[in-house]
Amino acid sequence: MPSRTAKSIRGPRELDRPSMANCACASDAGGRKAIGVDPGLKEANQNRLRRIEGQVRGLQKMVEQDRYCADIITQVASVQEALRGVARNLMKNHLHHCAAKALKSRKKEESAAMYNELLELIYAHLR
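Numbering-wise, my numbering puts 29 at position 33 of the sequence shown, and it's gapless, one number per residue.
List time: in silico DSS-like cross-link candidates among lysine-lysine, alpha-carbon distance up to 25 Å:
id, residue 1, residue 2
1, K104, K88
2, K104, K29
3, K97, K29
4, K29, K103
5, K88, K103
6, K29, K88
7, K100, K88
8, K88, K38
9, K29, K100
10, K97, K38
For the record, the hints were derived by calculation from the structure and aren't laboratory data.
Start from the sequences and build out the full structure, keeping to the hints where you can.
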């Protein structure tokens, strides 16, 4: 039987999912919420998402107007890169506030859950 570590290296679909990572998150009726959020990163993400929203509206208009496909594809790539920037900021916040606490925890289950969660995030972000 392969060890948990061997499974974790293969990919996110095969990750063991012990308990949910018990980090600096709170749960309520709306789902999990971060407790530790860097205000500067939050503001940067909100600004970037508003710009992305405008870019997507521009893309819709370009498609509606039958603009040149290569121009539309270039704009799609721009939106994708902007979204990756938001994801990088969110990962930075998650590592600083949630992951660090869980990985330093003396509770093996909590550390393992966070380790697996981080692997899943990295695999998804690398696609």
